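Quick note, the sequences are listed as chains A and B, same order.
Residue numbering for the first sequence follows my numbering, beginning at 1 and increasing consecutively.
Residue numbering for the second sequence follows my numbering, beginning at 1 and increasing consecutively.
Hints are supplied without guarantee of correctness; some may be wrong.
[Claimed, not checked] Here are the simulated DMTMM-like pairs of lysine to aspartate or glutamate, each with C-alpha atoms no more than 20 Å apart in a straight line:
hint: 1; chain 1: B; residue 1: Lys693; chain 2: A; residue 2: Asp151
hint: 2; chain 1: B; residue 1: Lys693; chain 2: A; residue 2: Asp20
hint: 3; chain 1: A; residue 1: Lys93; chain 2: B; residue 2: Asp697
hint: 4; chain 1: A; residue 1: Lys70; chain 2: B; residue 2: Glu643
hint: 5; chain 1: A; residue 1: Lys158; chain 2: B; residue 2: Glu705
hint: 6; chain 1: B; residue 1: Lys708; chain 2: A; residue 2: Asp170
hint: 7; chain 1: B; residue 1: Lys693; chain 2: A; residue 2: Asp105
hint: 8; chain 1: A; residue 1: Lys158; chain 2: B; residue 2: Glu678
hint: 9; chain 1: A; residue 1: Lys130; chain 2: B; residue 2: Glu696
hint: 10; chain 1: B; residue 1: Lys24; chain 2: A; residue 2: Glu8
hint: 11; chain 1: A; residue 1: Lys93; chain 2: B; residue 2: Asp707
hint: 12; chain 1: B; residue 1: Lys692; chain 2: A; residue 2: Asp128
hint: 13; chain 1: A; residue 1: Lys93; chain 2: B; residue 2: Glu696
hint: 14; chain 1: A; residue 1: Lys158; chain 2: B; residue 2: Glu709
hint: 15; chain 1: B; residue 1: Lys692; chain 2: A; residue 2: Asp156
hint: 16; chain 1: A; residue 1: Lys124; chain 2: B; residue 2: Glu709
hint: 17; chain 1: B; residue 1: Lys689; chain 2: A; residue 2: Asp105
hint: 18; chain 1: A; residue 1: Lys158; chain 2: B; residue 2: Glu675
hint: 19; chain 1: B; residue 1: Lys689; chain 2: A; residue 2: Asp170
hint: 20; chain 1: A; residue 1: Lys175; chain 2: B; residue 2: Asp119
hint: 21; chain 1: B; residue 1: Lys647; chain 2: A; residue 2: Asp128
hint: 22; chain 1: A; residue 1: Lys91; chain 2: B; residue 2: Glu643
hint: 23; chain 1: A; residue 1: Lys158; chain 2: B; residue 2: Glu643
hint: 24; chain 1: B; residue 1: Lys692; chain 2: A; residue 2: Asp135
hint: 25; chain 1: B; residue 1: Lys685; chain 2: B; residue 2: Asp636
hint: 26; chain 1: B; residue 1: Lys516; chain 2: A; residue 2: Asp128
hint: 27; chain 1: B; residue 1: Lys689; chain 2: A; residue 2: Asp128
hint: 28; chain 1: A; residue 1: Lys93; chain 2: B; residue 2: Glu678
hint: 29; chain 1: A; residue 1: Lys175; chain 2: B; residue 2: Asp702
hint: 30; chain 1: A; residue 1: Lys158; chain 2: B; residue 2: Glu696
hint: 31; chain 1: B; residue 1: Lys7; chain 2: A; residue 2: Asp151
hint: 32; chain 1: B; residue 1: Lys693; chain 2: A; residue 2: Asp128
hint: 33; chain 1: B; residue 1: Lys56; chain 2: A; residue 2: Glu68
hint: 34; chain 1: B; residue 1: Lys105; chain 2: A; residue 2: Asp166
hint: 35; chain 1: A; residue 1: Lys91; chain 2: B; residue 2: Glu71
hint: 36; chain 1: A; residue 1: Lys175; chain 2: B; residue 2: Glu675
[Claimed, not checked] Just some of the chain A residues that point at chain B, by a computed CB distance under 10 Å:
hint: 37; residue: Gly36
hint: 38; residue: Asp117
hint: 39; residue: Glu121
hint: 40; residue: Val125
Please keep in mind that the hints were generated in silico from the structure rather than gathered at the bench.
Bear in mind the structure is a predicted one, so any value in this text is a computation, not a measurement.
All C-beta atoms, glycine included, are put in the ideal place defined by N, C-alpha and C.
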Amino acid sequence: MASPEGIEALCSDMEVNHTDVRVLMLAWKMKAEKQGYFTLEEWQRGLKSLRADNVNKLKKALPELEKEVKRPSNFMDFYSYAFRYCLTEEKQKSVDIESVCELLDLVLGSQCRAQVDYFIEYLKVQTDYKVINMDQWMGFFRFCNEISFPDFNNYDPKLAWPLILDNFVDWMKEKQA
Amino acid sequence: MATMERKTIDLDQGWDYMKGGITKLKKILEGEPESPFSSEEYMMLYTTIYNMCTQKPPHDYSQQLYDRYREAFDEYITSTVLPSLREKHDEFMLRELVRRWANHKVMVRWLSRFFHYLDRYFIARRSLPALNEVGLSCFRDLVYGELKVKAKDAVIALIDKEREGDQIDRSLLKNVLGIFVEIGMGQMESEVDSGRFMSRLHAEECLKKERDRVSHYLHISSEPKLVEKVQNELLVVFATQLLEKEQSGCHALLQDDKVVDDLSRMYRLYHKIPKGLEPVANVFKQHITAEGTALVQQAEDAATNQAATAVGVQEQVLIRKIIELHDKYMEYVTHCFQNHTLFHKALKEAFEIFCNKTVGGCSSSELLATFCDNILKKGGSEKLSDEAIEETLEKVVKLLAYISDKDLFAEFYRKKLARRLLFDRSANDDHERSILTKLKQQCGGQFTSKMEGMVTDLTLARENQGNFEEYLGNNPIAHPGIDLSVTVLTTGFWPSYKSSDLNLPSEMVKCVEVFKGFYETKTKHRKLTWIYSLGQCNISGKFDQKTIELIVSTYQAATLLLFNASDRLSYSEIMTQLNLTHEDLVRLLHSLSCAKYKILIKEPNTKTISQNDYFEFNSKFTDRMRRIKIPLPPVDERRKIVEDVDKDRRYAIDAAIVRIMKSRKVLGHQQLVSECVEQLSRMFKPDIKAIKKRMEDLITRDYLERDKENPNMFRYLA
Numbered sequence: 001m002a003s004p005e006g007i008e009a010l011c012s013d014m015e016v017n018h019t020d021v022r023v024l025m026l027a028w029k030m031k032a033e034k035q036g037y038f039t040l041e042e043w044q045r046g047l048k049s050l051r052a053d054n055v056n057k058l059k060k061a062l063p064e065l066e067k068e069v070k071r072p073s074n075f076m077d078f079y080s081y082a083f084r085y086c087l088t089e090e091k092q093k094s095v096d097i098e099s100v101c102e103l104l105d106l107v108l109g110s111q112c113r114a115q116v117d118y119f120i121e122y123l124k125v126q127t128d129y130k131v132i133n134m135d136q137w138m139g140f141f142r143f144c145n146e147i148s149f150p151d152f153n154n155y156d157p158k159l160a161w162p163l164i165l166d167n168f169v170d171w172m173k174e175k176q177a
Numbered sequence: 001m002a003t004m005e006r007k008t009i010d011l012d013q014g015w016d017y018m019k020g021g022i023t024k025l026k027k028i029l030e031g032e033p034e035s036p037f038s039s040e041e042y043m044m045l046y047t048t049i050y051n052m053c054t055q056k057p058p059h060d061y062s063q064q065l066y067d068r069y070r071e072a073f074d075e076y077i078t079s080t081v082l083p084s085l086r087e088k089h090d091e092f093m094l095r096e097l098v099r100r101w102a103n104h105k106v107m108v109r110w111l112s113r114f115f116h117y118l119d120r121y122f123i124a125r126r127s128l129p130a131l132n133e134v135g136l137s138c139f140r141d142l143v144y145g146e147l148k149v150k151a152k153d154a155v156i157a158l159i160d161k162e163r164e165g166d167q168i169d170r171s172l173l174k175n176v177l178g179i180f181v182e183i184g185m186g187q188m189e190s191e192v193d194s195g196r197f198m199s200r201l202h203a204e205e206c207l208k209k210e211r212d213r214v215s216h217y218l219h220i221s222s223e224p225k226l227v228e229k230v231q232n233e234l235l236v237v238f239a240t241q242l243l244e245k246e247q248s249g250c251h252a253l254l255q256d257d258k259v260v261d262d263l264s265r266m267y268r269l270y271h272k273i274p275k276g277l278e279p280v281a282n283v284f285k286q287h288i289t290a291e292g293t294a295l296v297q298q299a300e301d302a303a304t305n306q307a308a309t310a311v312g313v314q315e316q317v318l319i320r321k322i323i324e325l326h327d328k329y330m331e332y333v334t335h336c337f338q339n340h341t342l343f344h345k346a347l348k349e350a351f352e353i354f355c356n357k358t359v360g361g362c363s364s365s366e367l368l369a370t371f372c373d374n375i376l377k378k379g380g381s382e383k384l385s386d387e388a389i390e391e392t393l394e395k396v397v398k399l400l401a402y403i404s405d406k407d408l409f410a411e412f413y414r415k416k417l418a419r420r421l422l423f424d425r426s427a428n429d430d431h432e433r434s435i436l437t438k439l440k441q442q443c444g445g446q447f448t449s450k451m452e453g454m455v456t457d458l459t460l461a462r463e464n465q466g467n468f469e470e471y472l473g474n475n476p477i478a479h480p481g482i483d484l485s486v487t488v489l490t491t492g493f494w495p496s497y498k499s500s501d502l503n504l505p506s507e508m509v510k511c512v513e514v515f516k517g518f519y520e521t522k523t524k525h526r527k528l529t530w531i532y533s534l535g536q537c538n539i540s541g542k543f544d545q546k547t548i549e550l551i552v553s554t555y556q557a558a559t560l561l562l563f564n565a566s567d568r569l570s571y572s573e574i575m576t577q578l579n580l581t582h583e584d585l586v587r588l589l590h591s592l593s594c595a596k597y598k599i600l601i602k603e604p605n606t607k608t609i610s611q612n613d614y615f616e617f618n619s620k621f622t623d624r625m626r627r628i629k630i631p632l633p634p635v636d637e638r639r640k641i642v643e644d645v646d647k648d649r650r651y652a653i654d655a656a657i658v659r660i661m662k663s664r665k666v667l668g669h670q671q672l673v674s675e676c677v678e679q680l681s682r683m684f685k686p687d688i689k690a691i692k693k694r695m696e697d698l699i700t701r702d703y704l705e706r707d708k709e710n711p712n713m714f715r716y717l718a
């Protein structure tokens, strides 16, 4: 079982920052259950699927892994995995706002920079919610994919969008007026 | 947070890309054929700026980009905007100015969106002018700076033209003045004496212009639609004229027989035309709405002038006037419009619009409840005959049908009913029961069940008191030495009251014990919670001049009795001995030492209670009466009532959602919301956001889940 220290060591071997999103991608590939830890089984599973049997090969497999994650068929799964990975306590269903902001930036920032930036700004100033649940997390992903930004012409608050997104759109519209 | 390795963008390279976007924007503004910005284009531009600002030095170009942002405006204004303004004069120049200003605002909006990242960190950190400000100041410095004299002259010329009687484009003038206000230049206004100009505009607009009635030849053509249209036009105009012709104010209807005749005749005529009545019903509805809204506005204006926090006289007058309005227009519906459903509907919709407005900070629910309280309490409407009271109560209940927050009304009504019952302020038992019957008929049994329970409790309490006195008669040793009457209330029926931990004076402790003993002989399985805040007490005050009987609340009595044992007590001593909260104690002591009857002397002799005060029994107190009531003003309950109702609504929405989903299993979001609203509409109009919030909560609690395929569908989780 690799512990957080072990993972840090691994990261430095691969010359990757341990807060780098690729570490998360690796965890996804391994289907790791617990944040900060890799079991032997998960480790072996990951290495096998990346066709790597040493750290060097693992490092070389990273770009390929990135591409794989970004494939539309995989990305949604990765995105939801990222959230679950943060549910460290048993029966935990939500993640605090600050962690969500960091996670969004990490996972979605490169693809939807503008939406993520504005949404993070909003999350930090609003007071309705102190935590985000999975439904809201996935809702935001759908939002980035479907909704025209920054005009929100096709956004309809009467549909089943999570309330926090309704409030976000209202806030944006006020800002732009 | 590191992301993937990015390729460093060179300043010129990145700026070239941005220039592409700026050029596209300029083309759009100039009206050239150009497609609007797509989401992708916008995001690419935003991301380019973001990247250039977050690269590691020496490639972080925030400062350069900030400068180039301003330069982009300067360049555009100098090369394109100013030349186009310079070549035009007078009114044409003003038009061009208005156009260019509008364009400029659009340009600022879009460019500041692309460059937004600068606003978040670079600008904030260095306390520089925001992107918005920079953009606007470019226009101000370059355009306004150069043109203000010319513009002023052009404006004055236009005004003079109008004064000489020529037609001018007034909206253009308003727009130009608007620009100068926006740019923040007040000078233009004073220079141009716009005050005079504006008031003249206003005066002319106030003159009612005759509607141009073009008389057409009614071609009896084969164009039925045209004929229909013209008929409708005449109908609508005629109906409006008729309704406006009648005397304004709420006189009893049918005074103006001619109006009634005309309307009835019109109804008969147009009844035969398919859909002929709809425009008339519409005019009818608008007319009622306008009158009702005017009444509400009157009351609101009067209320703001009074600045009272309690429901004032004006608001009560409003309810009366609304009732009269309702009577009047209902007569129209029955007499002129033959009870046609269209007109009933028009009346209902009109009333629903203005009967839900707030006046002086009070909701209509509260106003109506207060109105009822005033009729039902002693000293309220004693001048009215029983019949008149019954009639009024009937009408009030009918009005309730138009109010959406019926649950709020119920709560206010219940609170006031409680006070009337407990402090024996109810004028007439029959009326109390009668209104409950009417409410039950209109709103259902559940609406009135608690209130009925309250009234029954009082009847039972009287019986019980008789039994208690018999018990005391049979057990003279148990007698507490004080006349005691106790009212036992059934918890669920009555509003919730805070029970306090008041330290009772010893005399009263015995009373409580004795009653407990008696009550246990009647039933074993009930728990008694004493609400001393609602109690009343008669105390003998042995003052120097004469003994006076004081009618006070239990709290006040407990306070006064402390002075049997001590001559002088401090605020803190009283607080410790009584064990009350600061809020209660301040109110209490104020009523005894700073109000009309000063039973206690306060040191220092100020008008408010402070925690450093000292109190003494005022033996010199006297009054010409032998018996006086010392009122304790009640705490303002409005906020608590609204909070309680909001809480109940949350439960009600939860229950409705679960009920609906349990039976449907799978349901689309919009349908769920609309069914929810319908189910709850008998008591209140639920806020859509509140429903969404409850759904979220139910999802977290695993009652519901969102369908995986269709995010607009929800499933019930057994």
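Here's how the hints hold up against the structure:
no., hint, result
1, B:Lys693 x A:Asp151, "violated, 25 Å"
2, B:Lys693 x A:Asp20, "violated, 35 Å"
3, A:Lys93 x B:Asp697, "holds, 12 Å"
4, A:Lys70 x B:Glu643, "violated, 49 Å"
5, A:Lys158 x B:Glu705, "holds, 18 Å"
6, B:Lys708 x A:Asp170, "violated, 27 Å"
7, B:Lys693 x A:Asp105, "violated, 26 Å"
8, A:Lys158 x B:Glu678, "holds, 16 Å"
9, A:Lys130 x B:Glu696, "holds, 14 Å"
10, B:Lys24 x A:Glu8, "violated, 48 Å"
11, A:Lys93 x B:Asp707, "holds, 18 Å"
12, B:Lys692 x A:Asp128, "holds, 13 Å"
13, A:Lys93 x B:Glu696, "holds, 13 Å"
14, A:Lys158 x B:Glu709, "holds, 19 Å"
15, B:Lys692 x A:Asp156, "holds, 14 Å"
16, A:Lys124 x B:Glu709, "violated, 31 Å"
17, B:Lys689 x A:Asp105, "violated, 28 Å"
18, A:Lys158 x B:Glu675, "holds, 14 Å"
19, B:Lys689 x A:Asp170, "holds, 13 Å"
20, A:Lys175 x B:Asp119, "holds, 13 Å"
21, B:Lys647 x A:Asp128, "holds, 17 Å"
22, A:Lys91 x B:Glu643, "violated, 31 Å"
23, A:Lys158 x B:Glu643, "violated, 26 Å"
24, B:Lys692 x A:Asp135, "holds, 13 Å"
25, B:Lys685 x B:Asp636, "violated, 25 Å"
26, B:Lys516 x A:Asp128, "violated, 48 Å"
27, B:Lys689 x A:Asp128, "holds, 12 Å"
28, A:Lys93 x B:Glu678, "violated, 32 Å"
29, A:Lys175 x B:Asp702, "violated, 36 Å"
30, A:Lys158 x B:Glu696, "holds, 15 Å"
31, B:Lys7 x A:Asp151, "violated, 30 Å"
32, B:Lys693 x A:Asp128, "holds, 11 Å"
33, B:Lys56 x A:Glu68, "violated, 28 Å"
34, B:Lys105 x A:Asp166, "violated, 27 Å"
35, A:Lys91 x B:Glu71, "violated, 56 Å"
36, A:Lys175 x B:Glu675, "violated, 34 Å"
37, Gly36, "violated, 17 Å"
38, Asp117, "holds, 7 Å"
39, Glu121, "holds, 7 Å"
40, Val125, "violated, 12 Å"
When held up to the earlier numbered hints, the structure conflicts with 1, 2, 4, 6, 7, 10, 16, 17, 22, 23, 25, 26, 28, 29, 31, 33, 34, 35, 36, 37 and 40 and fits the remainder.
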